[in-house]
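Enquirer: Now for the letters of each chain:
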Amino acid sequence: NAGVTQTPKFRVLKTGQSMTLLCAQDMNHEYMYWYRQDPGMGLRLIHYSVGEGTTAKGEVPDGYNVSRLKKQNFLLGLESAAPSQTSVYFCASGPPGRRSTGNTIYFGEGSWLTVV
Amino acid sequence: DAKTTQPTSMDCAEGRAANLPCNHSTISGNEYVYWYRQIHSQGPQYIIHGLKNNETNEMASLIITEDRKSSTLILPHATLRDTAVYYCIVYTGTASKLTFGTGTRLQVTL
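Chains as they are written, first to last, in my numbering: chain A, 1 to 116; chain B, 1001 to 1110.
Chain B with its partners taken away, still in its complex shape (with noise of 0.2 Å):
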């Protein structure tokens, strides 16, 4: 599976958007870019994934450049209770088995 790279922490007025960035240059054609997020020490919780187009739900926004070399994942009105870790995983599907960098810890403040 592919490595990412990502930021160690961001910070992001509440309200405002917050646009939480990833490289993963080494993604090969089947494998599907995928966020979680961990708020405090409790389960990480599934965001949004996709393997070209972009893709949004209720909770996010993931926009994948053409190349598919880096994506961003886009909180359009950031709360305080988007303070977490924000991970970003590339992998196949193959078992699905995550693989966890560190992520980056994102801070909303007033």
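So here's chain A without its partners, still in its complex pose (with noise of 0.2 Å):
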């Protein structure tokens, strides 16, 4: 019973070094959502795909990469991390929202990144 899973749990990165996140789901969901928290704020979403090989960019994009070649997975990169994306990392997946139904959007435990 995984369902989303997310690798890895902690890193410790210098500024200026690159990192990828690893999102990966077992649901055969078509949505999948990278969002980071800061302390004491709610989530904020970073990229969203809505299928394989899509990509779109959502509240706070800036500095960070994704792709979705797979449709199970969902890969979160930093090109050249900086202190600001110190933060924890949640990646997410779902199935289309149907409008007679709504639909439910599944969490990981996420994703611990220090930048120093």
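Note that these hints are calculated values from the structure, not bench results.
None of these values were measured; they are calculated from a predicted model.
Don't be surprised by glycine CBs; every beta carbon is placed ideally from N, CA and C.
Wrong hints could be hidden among the right ones.
Said to hold, decoys possible - With beta-carbon atoms standing in for the labels, derived distance ranges:
| no. | chain 1 | residue 1 | chain 2 | residue 2 | range |
| --- | --- | --- | --- | --- | --- |
| 1 | A | 65 | B | 1013 | 46 to 54 Å |
| 2 | A | 72 | B | 1015 | 39 to 47 Å |
| 3 | B | 1026 | A | 60 | 36 to 44 Å |
| 4 | B | 1011 | A | 39 | 16 to 24 Å |
| 5 | B | 1067 | A | 109 | 31 to 39 Å |
| 6 | A | 26 | B | 1042 | 15 to 23 Å |
| 7 | B | 1102 | A | 20 | 28 to 36 Å |
| 8 | A | 71 | B | 1042 | 24 to 32 Å |
| 9 | A | 83 | B | 1102 | 20 to 28 Å |
| 10 | A | 60 | B | 1014 | 34 to 42 Å |
| 11 | B | 1059 | A | 26 | 35 to 43 Å |
| 12 | B | 1030 | A | 16 | 42 to 50 Å |
| 13 | B | 1105 | A | 16 | 33 to 41 Å |
As the list claims (entries may be wrong) - Where chain B lies over chain A, by a calculated footprint (3+ residues, C-beta under 8 Å):
| no. | region |
| --- | --- |
| 14 | 19-28 |
| 15 | 32-44 |
| 16 | 86-96 |
| 17 | 103-114 |
Could you fit the two chains together into a complex? Lean on the hints.
Expert: Listed below in structure tokens is the structure:
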């Protein structure tokens, strides 16, 4: 019963280094998302994807890139990490919303990233 | 998507019902009301959602006013494990993008 799995769970980066966060879901969901959460704040959407091969910008996309080469995976990349990107990152997935029933988005357990 | 307003924090005694209010006065006809919660710094957990009618599941009940401008999440018998931040979110389902506010921090006490 994996659901949404994020790797790595913890990472410390030096300023200017690059890294990729991997999100994998085993529920065959079309939609996938990357959020970040800073202390005392709600989650903010970075990028999202409505299907394999598609990506779109969310609320705070600057400094991040994403790819969705396979339906089950959604990668979040930091090309040149900055201290302002120190945060907790959450991946999520869900089916398309239906007007008659709505839908449910499922979240991973988070990836703690510190940039020094 | 419509904006929501929630109290910053609430307390509830263990075993009592926790009633968490949410105002969404600008909600449109096709927007659902969703509730998620976040325990400590874990990933948000889905609780319940509704459009017009009241809804109940194994976790909670959702009461939506007739004009749909506000709703209340009810945890019928709160336990210490229900201590969390509760988010009320309204969205249409277009790309299903959730917009999180700062939520209500519910503290359940003995």
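Enquirer: Now, for every hint given, state plainly whether the structure supports it.
Expert: Do the hints match the structure? See the list:
1. 65(A) / 1013(B): 46 to 54 Å: holds, 48 Å
2. 72(A) / 1015(B): 39 to 47 Å: Because 42 Å falls inside the window, the suggested range holds.
3. 1026(B) / 60(A): 36 to 44 Å: violated, 23 Å
4. 1011(B) / 39(A): 16 to 24 Å: holds, 22 Å
5. 1067(B) / 109(A): 31 to 39 Å: Cβ of residue 1067(B) to Cβ of residue 109(A): about 38 Å, so the range 31 to 39 Å holds.
6. 26(A) / 1042(B): 15 to 23 Å: Taking Cβ atoms as reference, residue 26(A) and residue 1042(B) lie about 19 Å apart, which means the hint holds.
7. 1102(B) / 20(A): 28 to 36 Å: Holds: the Cβ-Cβ distance is about 30 Å, inside 28 to 36 Å.
8. 71(A) / 1042(B): 24 to 32 Å: holds, 25 Å
9. 83(A) / 1102(B): 20 to 28 Å: Given about 23 Å between the Cβ atoms, the range holds.
10. 60(A) / 1014(B): 34 to 42 Å: holds, 38 Å
11. 1059(B) / 26(A): 35 to 43 Å: violated, 23 Å
12. 1030(B) / 16(A): 42 to 50 Å: This hint holds: roughly 46 Å between Cβ atoms.
13. 1105(B) / 16(A): 33 to 41 Å: holds, 36 Å
14. 19-28: Three-residue rule not met by the region 19-28 of chain A, so violated; n is 0.
15. 32-44: holds (count 8)
16. 86-96: Answer holds; 5 residues pass the 8 Å Cβ test.
17. 103-114: Our answer is that it holds, as 8 residues pass the Cβ test (under 8 Å) against chain B, meeting three.
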